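Chemist: From just these sequences and the hints, can you work out the full model?
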Amino acid sequence: MNKYTKYISPLVFLISLILLISFRSVPSGKLWKEYNVLYVPADADDSKILTALTKCEIQDAVYLSGQFLPVSLNENSIEISMLRLNYGSKDYEYTNQRKAFFFDKAAAYRLYYIPSEYKSRLGELVQLIEKAGIPCGTDTSATYPWLLPLIGLLLAVMLLLFVKNKIVFAYGSIIPLVFLFSNPFYPVATATCLVLLCLFFSANVWKRRGAMSWLISRRFIPAMLGIAFVCAFAGSLASGFWFIVAASGTGAALFSVNELENYLRTKKPFVPVFIRPAKSISIFAGKAFITLGVSTAAALLVVVLFFLTSTDSVKSRSSKLLLPASSSIQNESLPQFEDFYRWNWNVRTAPYKSLNEKSFENEDSVEFQTFTENPESGIITPHKQTMHYDESFRKEVFDGIDSLKFNSVEKVMKSEGADFTAGYSALSSSHINLFGIIMMFICVFILLFIYISIIIRKGITK
Numbered sequence: 013m014n015k016y017t018k019y020i021s022p023l024v025f026l027i028s029l030i031l032l033i034s035f036r037s038v039p040s041g042k043l044w045k046e047y048n049v050l051y052v053p054a055d056a057d058d059s060k061i062l063t064a065l066t067k068c069e070i071q072d073a074v075y076l077s078g079q080f081l082p083v084s085l086n087e088n089s090i091e092i093s094m095l096r097l098n099y100g101s102k103d104y105e106y107t108n109q110r111k112a113f114f115f116d117k118a119a120a121y122r123l124y125y126i127p128s129e130y131k132s133r134l135g136e137l138v139q140l141i142e143k144a145g146i147p148c149g150t151d152t153s154a155t156y157p158w159l160l161p162l163i164g165l166l167l168a169v170m171l172l173l174f175v176k177n178k179i180v181f182a183y184g185s186i187i188p189l190v191f192l193f194s195n196p197f198y199p200v201a202t203a204t205c206l207v208l209l210c211l212f213f214s215a216n217v218w219k220r221r222g223a224m225s226w227l228i229s230r231r232f233i234p235a236m237l238g239i240a241f242v243c244a245f246a247g248s249l250a251s252g253f254w255f256i257v258a259a260s261g262t263g264a265a266l267f268s269v270n271e272l273e274n275y276l277r278t279k280k281p282f283v284p285v286f287i288r289p290a291k292s293i294s295i296f297a298g299k300a301f302i303t304l305g306v307s308t309a310a311a312l313l314v315v316v317l318f319f320l321t322s323t324d325s326v327k328s329r330s331s332k333l334l335l336p337a338s339s340s341i342q343n344e345s346l347p348q349f350e351d352f353y354r355w356n357w358n359v360r361t362a363p364y365k366s367l368n369e370k371s372f373e374n375e376d377s378v379e380f381q382t383f384t385e386n387p388e389s390g391i392i393t394p395h396k397q398t399m400h401y402d403e404s405f406r407k408e409v410f411d412g413i414d415s416l417k418f419n420s421v422e423k424v425m426k427s428e429g430a431d432f433t434a435g436y437s438a439l440s441s442s443h444i445n446l447f448g449i450i451m452m453f454i455c456v457f458i459l460l461f462i463y464i465s466i467i468i469r470k471g472i473t474k
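By our numbering, the letter at position 233 of the sequence shown is numbered 245, and the numbering carries on one by one without gaps.
Among these hints, one or two may not hold up.
Claimed, not checked - FRET-style restraints, in silico, Cβ to Cβ:
(1) Glu344 to Ser229: 23 to 33 Å
(2) Ser34 to Glu273: 29 to 39 Å
(3) Ser89 to Glu136: 39 to 49 Å
(4) Ser345 to Val316: 20 to 30 Å
(5) Phe418 to Ser128: 41 to 51 Å
(6) Glu379 to Phe457: 52 to 62 Å
Stated by the list, open to error - Using 25 Å as the maximum straight-line C-alpha spacing, the simulated BS3-like pairs for lysine-lysine come out as follows:
(7) Lys219 to Lys279
(8) Lys178 to Lys299
(9) Lys219 to Lys291
(10) Lys178 to Lys219
(11) Lys111 to Lys42
(12) Lys417 to Lys111
(13) Lys67 to Lys178
It should be emphasised that the hints constitute simulated quantities derived from the structure, not laboratory data. Small disclaimer: the values here were computed from a predicted structure and weren't measured. Glycine is no exception: its CB is placed at the ideal position from the N, C-alpha and C atoms.
Modeler: So, in structure tokens, the structure goes:
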């Protein structure tokens, strides 16, 4: 088997390298599932933008000047008449609040929502608008997060300075670094920090007697690899798959180095042999505080960068554009579906509320009478009706969004689902879920645990 493996392993290494580079996944700035966002200066001529949209044959775009009352009622109905009379009251402020969806958080840019089916025409659209003298951009033009691969590279260089077998570590680090370059996501970056440290341990006991069993017996090393594996999947299913490919390529790289060293040893008249077994060698190369310190700092820096660049939960002076998007953090400046439901309720029930009551803000039930005339007898019969502000009413309003006769911003909201929460997100952020954030912290915590264990002298330094 060895006879064939020594030829297969370099091939596996090359195939892994080619696959990772060829199918690299760049973080997208796309904020909405079914829409792309075009942004222009807030004072830009709206007619020029609409002209450019028409020339690019882009239809069903959602923009501020194309918004009307988001309710399916006759224009001459009593409900609409009451709305016009009380337009400035608190009960109807939703129509002003929804305008926030058409501006960034700083109100410096005006936004246009374009259906994703026209994504291929965004480049032409941007060119036309810029040709008209208006600077603009889209959420598909997110910048590549160079800091993440750079952190991984700097960590590898620092560990290379202290590792005992530099060739093994350098060759083994190629695939993990390419993996991070091809999948520059925050969970992947923290996972790569753990993998590089594990390679550092392996290189320090390389070819020592009982090296593999000694590494496995150090429980924190298998734990680090397991956490790195889960963390890669926390980034995305695709990055988890490519982690497996990268692991195969790294294993093939180490096997190739081993075979090459064995071949070169046969060409030497004298071959030195390691006398001391792996368990008598420090896996930290005698530099535990430095190597663990830089590894922990690298993983911690990734987490800090995530909070500074990907969310508005941490206040910063960053100039990054913050646009409305689906978010786990609700923002008070943006209306939610509940505000939309309540507005519809106020519009539809206003004609039937008693003027003698002082406040109906919390009223969830309205009772009123309607009258029908018998066409044969002419007798008018009263009927009592009751409207309730409940889940059934909300569902009716939600389902009715599709029947609106214009491209409303509520259709953009509905594309995210009924549980949509409006917030702000950085244009160039790499979105990850809560599980991904948790795994990033776990990566940092295991490094901190090992570091603290060294400080309190628990014998983990060997």
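Chemist: Sort out which numbered hints this structure fails and list those numbers smallest first.
Modeler: Failing hints, ascending: 1, 5, 13.
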